[in-house]
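Take a look at the letters that make up each chain.
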Amino acid sequence: MGAFSFSRILQKGPASVQTALEFRDVHKAFGQKEVLRGVSFSVNPGEIVGFLGPNGSGKTTAISIAVGLLHASKGQGSMLGHAFGDPAGRVRLGYLPDNPVFFSHSATDAIRFAAKLQGVPSRELRERVASVIKAVPIASTKQQARRLSRGQQQYLALAQALVNDPQLLILDEPTSALDPSAVMQVRELLKAARDNGKSIFFSSHQLTEVERICDRVLFLHEGRIARQGTLQELTESTDTFVLSFRGLPASAAVWRHLDLAPATSAGIVTVTVTHANVRPVIETLWAAGGELLELTQQRQSLENLFQRLASTSKTENQS
Amino acid sequence: MIRKVGTITVALLRQNRWLVLLLIAWPWIFLALLTLPGRNFSPDDIRSLLQQEYFYGIALTMFLAASLLGAELRARRVAAVLCRAVSRNQYLAALWMTALVPAILFALSVFFSVWIAAAGIGFSLKILLPFILSLMLVELWMTVCGVLYSLFLPALLASLATGLTAVVLVAAGTLQLGSWLGFGSLLLPVLQENAGLGSIAGSQMGIAVVSMLLQVGVVALLSQQIFRRKDLPSSGD
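Chains A and B are the protein sequences, given in the same order.
With the first sequence counted from 1, adding 142 to any position gets you the numbering used here.
With the second sequence counted from 1, adding 989 to any position gets you the numbering used here.
Please note that the accuracy of each hint is not assured.
Unchecked claim - Pairwise CB distance ranges (calculated):
id	chain 1	residue 1	chain 2	residue 2	range
1	B	ALA1048	A	SER215	35 to 43 Å
2	A	ARG288	B	LEU1025	35 to 43 Å
3	B	LEU1210	A	ARG288	29 to 37 Å
4	A	ASP228	B	ARG1003	26 to 34 Å
5	A	ARG354	B	PRO1143	41 to 49 Å
Stated by the list, open to error - No more than 20 Å apart at the CA atoms, straight line, and that leaves these computed lysine-lysine pairs for PhoX-like:
id	chain 1	residue 1	chain 2	residue 2
6	A	LYS216	B	LYS1219
7	A	LYS284	A	LYS333
8	B	LYS1219	A	LYS175
Read the hints as simulated data drawn from the structure, not as lab findings.
None of the values given here were measured: they were computed from a predicted structure.
By construction, the Cβ of each residue, glycine as well, lies at the ideal position given by its N, Cα and C atoms.
Model the full structure from these sequences, guided by the hints.
Here it is as structure tokens:
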């Protein structure tokens, strides 16, 4: 199996100031059920934006509206300068659905099929298809696409999404069904695409992946953008601090007095306290003979944030 | 535009290749059965053969047209096409072509099989051409009507609705209420066993053709408007 080198099929994108993808107060209802409730956000050129949310939050619905499969009930949006639903906006789009399906084609024909529908000129068709096939580790390009393994189908769908040298990539769970080394390679692809000025919008449940590559993250919850911002902004400080001490065993009575549960590692005791308690705790432990080694403000991981947002609304629903 | 419609049509035809092959082979199989050694083969047999094939042809076309979109939606292949730089109109045109291409091949298959069979038994080929044109026209009508109903009905109901619409139009023609609709002029000679197929090529043929082409145009425009507004869910969320 050849090297996985998508970056060589991605050409430098044109310098552009237009927003790659924009949602403006988009609502979507299926009958009485409102799935999207005023979603607004944008994806800028050369940016990787992660789209997170629990199952049923409306991620795939939002993506389906962007690619023109669904119509917004209210609000509007644009993709690469064209209104949602306008096929001209999809000429430079690479879309990877969450569960790719194929016609009765071989892997090569499936890529050629996608290229033709994306309007790749006939004179470039052979070259584009050949370069994508070279870049994608598909075991047998002559095999029926539908008979490939799930992981191979994911590669094939990714190849279809890249065959037109897209300016915007919309990827719905791009690393599902891929093994860890392939996940790493897809990560490199996304970074290479960004470096070439492409915009990437992708949904994922793999929060560590999102943390590693995204410039910005959107949290969709129950049809609303619950939080959005750069990773720095979202994982910014919480109200808690971690204190590291030495000279005080975890069994010392002072810990019980402060009602704290310390953790010990290599003779260093660490405790987590809220902002308001930092000073009294330091003073008490200092007086008891402890030596403060480190004081750090705790940052929350995306996972914590994700769980917190999900549980908040669960509580709201219950009440 | 044409390139994309052609690409999608070829993919859809490949997907339905067994039905397409059946449609093309059907007239030849039928003819082979009719001309088995030891059977007397007369012009009446050909007349009967044509009548039967006419209805098999339009029934299969109706079923294919009415079931195409539903099958593609169930398999989620519609999303795999329309997420690319393809307009709804192009996809709709591909659906029509996918039902129409086998229908036309069927009509041509009927034409050539009967032509060969009729060569030595004195069956007048003068009636064959208008007959085949009538078949193609009704197949075209069935195609657009079947696809229209399939935009909001499941395959079986869409087929029934198409068939029912055709029956109503033929009945209107029979009762002299709507001879201008064209259906009666084209189908009645085929329905009436003793009327003779040659009467299709009567004076009303021209009006019938124009009228049916207009109906096809109106139904096609209506389908475009409906399909443009239709939501095509790709999967759950």
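Comparing the hints with the structure gives:
The supplied range of 35 to 43 Å is met by B/ALA1048 and A/SER215, whose beta-carbon atoms lie about 40 Å from each other. Checked against the given bound of 35 to 43 Å, the beta carbons of A/ARG288 and B/LEU1025, roughly 41 Å apart, stay inside it. Between B/LEU1210 and A/ARG288 the C-beta distance comes to about 35 Å, which sits within the given range of 29 to 37 Å. In this structure the hint that A/ASP228 and B/ARG1003 lie 26 to 34 Å apart at CB holds, the actual value being about 29 Å.
Look at A/ARG354 against B/PRO1143: about 46 Å separates their beta carbons, and that is inside 41 to 49 Å. Of the pairs offered as hints, the one joining A/LYS216 and B/LYS1219 holds, with about 15 Å between alpha carbons and a cut-off of 20 Å not exceeded. Simply put, A/LYS284 and A/LYS333 have alpha-carbon atoms about 30 Å apart, too far for the 20 Å limit, and the pair is violated. The hinted pair formed by B/LYS1219 and A/LYS175 meets the criterion: a straight-line CA distance of about 17 Å does not exceed 20 Å.
In summary, the structure is inconsistent with hint 7 from the numbered list given earlier, while agreeing with all the others.
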